[in-house]
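Participant: Residues per chain are reported as follows:
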Amino acid sequence: MESIDQELDESELELPAEPMTLNMGPSHPAMHGTIRMVLKLDGETVRACDVQPGYLHRAQEKMGERGTWQQFFPYTDRLNYCSPMLNNVGYALAVEKLLGITVPRRAQILRVIHGELARIADHLTCNGAMAMELGAFTPFLWYLKAREWIWEIIETQTGARMTHAYGRIGGMAAPDTEDFGDMCLTVLPRIHSVVAEGESLLLKNRIFLDRTQGVGVLTKKRAVSAGASGPVLRSTGVDYDVRKDQPYLTYNEVDFDVPVGEDGDNFDRFMCRMEEIRQSARIIEQSVALLKKIDPRSPDNEVNVKNPRVILPPKEEVYNTIEGTINHFKLIMEGIQVPAGEVYQYTEGGNGELGFLVVSRGGGNPWRIRVRAPSFYSLGAVSGMIVGGMIADIVPTFGSINMIGGECDR
Amino acid sequence: MAAGTIVIKKPRRTAADQSYVVELVKGLGVTFKHLFKGLNQMRPGGQRPDVTKMNYDEGVATLEYPEEKRPYARRWRGVHRLTLRPNGDVRCTACLMCSTACPAQCIWIKPAEFPVGHPSRGHERFPEEFVIDELRCIFCGYCVEACPVDAIRMDTGLHMTALDDRGSFVYDKKKLMSQVSQDGDQLTANTRPEPGDASHGGITRLKGH
Ligand code: SF4
Ligand code: SF4
Numbered sequence: 001m002e003s004i005d006q007e008l009d010e011s012e013l014e015l016p017a018e019p020m021t022l023n024m025g026p027s028h029p030a031m032h033g034t035i036r037m038v039l040k041l042d043g044e045t046v047r048a049c050d051v052q053p054g055y056l057h058r059a060q061e062k063m064g065e066r067g068t069w070q071q072f073f074p075y076t077d078r079l080n081y082c083s084p085m086l087n088n089v090g091y092a093l094a095v096e097k098l099l100g101i102t103v104p105r106r107a108q109i110l111r112v113i114h115g116e117l118a119r120i121a122d123h124l125t126c127n128g129a130m131a132m133e134l135g136a137f138t139p140f141l142w143y144l145k146a147r148e149w150i151w152e153i154i155e156t157q158t159g160a161r162m163t164h165a166y167g168r169i170g171g172m173a174a175p176d177t178e179d180f181g182d183m184c185l186t187v188l189p190r191i192h193s194v195v196a197e198g199e200s201l202l203l204k205n206r207i208f209l210d211r212t213q214g215v216g217v218l219t220k221k222r223a224v225s226a227g228a229s230g231p232v233l234r235s236t237g238v239d240y241d242v243r244k245d246q247p248y249l250t251y252n253e254v255d256f257d258v259p260v261g262e263d264g265d266n267f268d269r270f271m272c273r274m275e276e277i278r279q280s281a282r283i284i285e286q287s288v289a290l291l292k293k294i295d296p297r298s299p300d301n302e303v304n305v306k307n308p309r310v311i312l313p314p315k316e317e318v319y320n321t322i323e324g325t326i327n328h329f330k331l332i333m334e335g336i337q338v339p340a341g342e343v344y345q346y347t348e349g350g351n352g353e354l355g356f357l358v359v360s361r362g363g364g365n366p367w368r369i370r371v372r373a374p375s376f377y378s379l380g381a382v383s384g385m386i387v388g389g390m391i392a393d394i395v396p397t398f399g400s401i402n403m404i405g406g407e408c409d410r
Numbered sequence: 001m002a003a004g005t006i007v008i009k010k011p012r013r014t015a016a017d018q019s020y021v022v023e024l025v026k027g028l029g030v031t032f033k034h035l036f037k038g039l040n041q042m043r044p045g046g047q048r049p050d051v052t053k054m055n056y057d058e059g060v061a062t063l064e065y066p067e068e069k070r071p072y073a074r075r076w077r078g079v080h081r082l083t084l085r086p087n088g089d090v091r092c093t094a095c096l097m098c099s100t101a102c103p104a105q106c107i108w109i110k111p112a113e114f115p116v117g118h119p120s121r122g123h124e125r126f127p128e129e130f131v132i133d134e135l136r137c138i139f140c141g142y143c144v145e146a147c148p149v150d151a152i153r154m155d156t157g158l159h160m161t162a163l164d165d166r167g168s169f170v171y172d173k174k175k176l177m178s179q180v181s182q183d184g185d186q187l188t189a190n191t192r193p194e195p196g197d198a199s200h201g202g203i204t205r206l207k208g209h
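Protein sequence lines, in the order shown, are assigned to chains V and X.
Residue numbers for the first sequence follow our numbering, so the first one is 1 and each next one is one higher.
Residue numbers for the second sequence follow our numbering, so the first one is 1 and each next one is one higher.
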């Protein structure tokens, strides 16, 4: 049988050139989170892209207004669920700023350590998933194995693997266990070796290098104008890190470096996160040493502020004295009375500047809680990174942004 | 660049990197090393690391759930239990603190008065019904923190299992009272004396002073 295109001229084989519209998502198996992208395609090249977030909107900010100030902690766990402790800390700091209290030193260091553990877990997940999208499944499994070790440490401290609800206004829900520091120090070298081993596979692999270098380029100007922060901004060469530029907690007492990229491509974002894992490990090591230096009898050693208007009384008092019981009931029923006012407190979250704007009209309930979710702003820069590239590069580029639906859409 | 920043350079690529084949073989070497290490541990009599403990050893890192289970941490928050008084009654006084503190609003309590003549009448109430919807619960532990008499706890070490229908996830008082802690304990740690005990203070206003 003769082939049907036998008579046809070469030029007539070209497909019609009008762009094709393709809906990617919201429930696409390769997309991170529930997000929709409307693409205009010319063959496999993306000509236009419309990113539409909002499919995971859960009215978290509104739900925060319903409860007491303390009751918002479980919601913060569900913002960036790859690094819940960073959100816990960010929110606690915001309300403490409004209350005008500073937590004791031990709580501050614990917050730093937990936050950095969460950051390592976040970056391991993001980089592992990005490698997996380029076909490298092995590093993904190794990185998740390492993340598991971190979750196990956090589980022994907080009582949950992911939805910790461990932060409290005025301190922490519980003091650290005795072996906390040692657990961290045991696991860090192991994480280093897993990270290095995964890197040794990826950075010598030409497919990985070719598909990350020069792909999804974000310029410095666009990153800044979109309001991007965190690894996405730093990969373009801006060395803005809240921990360094506006130190909070005990970050000014530890020594660490801020990795920056040069071109803002997928490779730089990947490597920024890799380097941040190492820097976070350095911070944890130094913080554990700081923790051991605290005099056990000094007030620095407490994890909660000494303020009965903020912190629940000790259980023994609640069981046996009427004053303790009344104090307990008032704090649970009416909540912490936060003076009227408005503060914005920003910290370095897993994806960048995580800010909480809290507004109080006095009383036990927040009037407004607004979350400045870093991945929402990074998302604004995405369409510019995708347009002009190939469809196949969308998924890794999008993965390198680390858009977390829970945080972006709230 | 300011001090304390590291600029990430693109790695230089050698001819071996560019050819792909050389590095492919090396990479396969790394992965196969792990494979054989794992296989060696899996063979009968092999030295497999104890995966039920937190283990950072090389080799097999997976658990064969549900045959193998990792014990949960002491602080881990599992399904709830209601603690008991030494005489087997429920410790809860139906003060509704837990249901007030619960962000998920998944606790429902029907309080009731003790009958006339009961030593506890006038001192406290008891829950006629106590229901927790474990499907709605977010396991935050606020109820445990809020309880003023140590009547509710989450130290059972049990996670929520898959059940047939939604109704089975709604735990009633009987079910909650039958749960035991990880140590097999059911009693409350509350040290407050019971009404009627010699050490109990009684109600001051009834003493007429
Ligand atoms: S653990 Fe949290 S959500 Fe669950 S019943 Fe207790 S307070 Fe409610
Ligand atoms: S479990 Fe505790 S907090 Fe809840 S009603 Fe009973 S006594 Fe009150």
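I should point out that these hints are in silico values taken from the structure, not numbers from a laboratory.
Take the hints with a grain of salt, since some may be wrong.
What the hints assert, rightly or not - Below, a list of computed lysine-lysine pairs in the BS3-like style, where the Cα atoms sit at most 27 angstroms apart:
1. V/Lys220 x X/Lys9
2. V/Lys62 x V/Lys40
3. V/Lys220 x X/Lys10
4. V/Lys145 x X/Lys173
5. X/Lys9 x V/Lys221
6. V/Lys244 x X/Lys9
7. V/Lys315 x X/Lys9
8. V/Lys221 x X/Lys10
Claimed, not checked - In silico contact screen, one side only, chain V against chain X (beta carbon under 8 angstroms); selected entries:
9. Ala174
10. Lys204
11. Tyr319
12. Met333
Computed from a prediction, not measured in an experiment: that's the story for all the values here.
Don't be surprised by glycine CBs; every beta carbon is placed ideally from N, CA and C.
Participant: Given the hinted pair X/Lys9 and V/Lys221, is their alpha-carbon gap at most 27 angstroms?
Facilitator: Holds. X/Lys9 to V/Lys221 sits at ~20 angstroms (cutoff 27 angstroms).
Participant: For V/Lys315 and X/Lys9, compute the direct alpha-carbon distance and say whether it is at most 27 angstroms.
Facilitator: violated, 55 angstroms
Participant: Would you mind confirming whether the straight-line C-alpha gap from V/Lys220 to X/Lys10 stays at or under 27 angstroms?
Facilitator: OK: V/Lys220 and X/Lys10 at ~18 angstroms, within 27 angstroms.
Participant: For the hint on V/Met333, just tell me whether its beta-carbon gets within less than 8 angstroms of chain X.
Facilitator: Given a least distance of 6 angstroms, the restraint on V/Met333 holds.
Participant: Between the alpha carbons of V/Lys244 and X/Lys9, is the straight-line distance 27 angstroms or under?
Facilitator: With Cα atoms ~22 angstroms apart, V/Lys244 and X/Lys9 stay inside 27 angstroms; holds.
Participant: Please verify that hint: V/Lys204, Cβ, nearest Cβ of chain X, below 8 angstroms or not.
Facilitator: Hint holds; V/Lys204 Cβ to chain X Cβ min 4 angstroms, cut 8 angstroms.
Participant: Please verify whether V/Lys145 and X/Lys173 have alpha carbons no more than 27 angstroms apart.
Facilitator: violated, 40 angstroms
Participant: Check whether the Cα positions of V/Lys221 and X/Lys10 lie no farther apart than 27 angstroms.
Facilitator: Holds. V/Lys221 to X/Lys10 sits at ~21 angstroms (cutoff 27 angstroms).
Participant: For the pair supplied as a hint, V/Lys220 and X/Lys9, is the alpha-carbon distance within the 27 angstroms limit?
Facilitator: Measuring from Cα to Cα gives roughly 17 angstroms; hence the hint holds.
Participant: Using Cβ atoms only, decide whether V/Ala174 comes closer than 8 angstroms to chain X, and label the hint accordingly.
Facilitator: V/Ala174 check passes; min Cβ-Cβ to chain X is 7 angstroms, inside 8 angstroms.
Participant: Let's test the interface hint: is any C-beta of chain X closer than 8 angstroms to that of V/Tyr319?
Facilitator: holds, 5 angstroms
Participant: Next pair to validate is V/Lys62 with V/Lys40; report whether the Cα-Cα distance is within 27 angstroms.
Facilitator: Violated, at about 35 angstroms.
Figure legend: structure checked against the earlier numbered hints; hints not met, in rising order: 2, 4 and 7.
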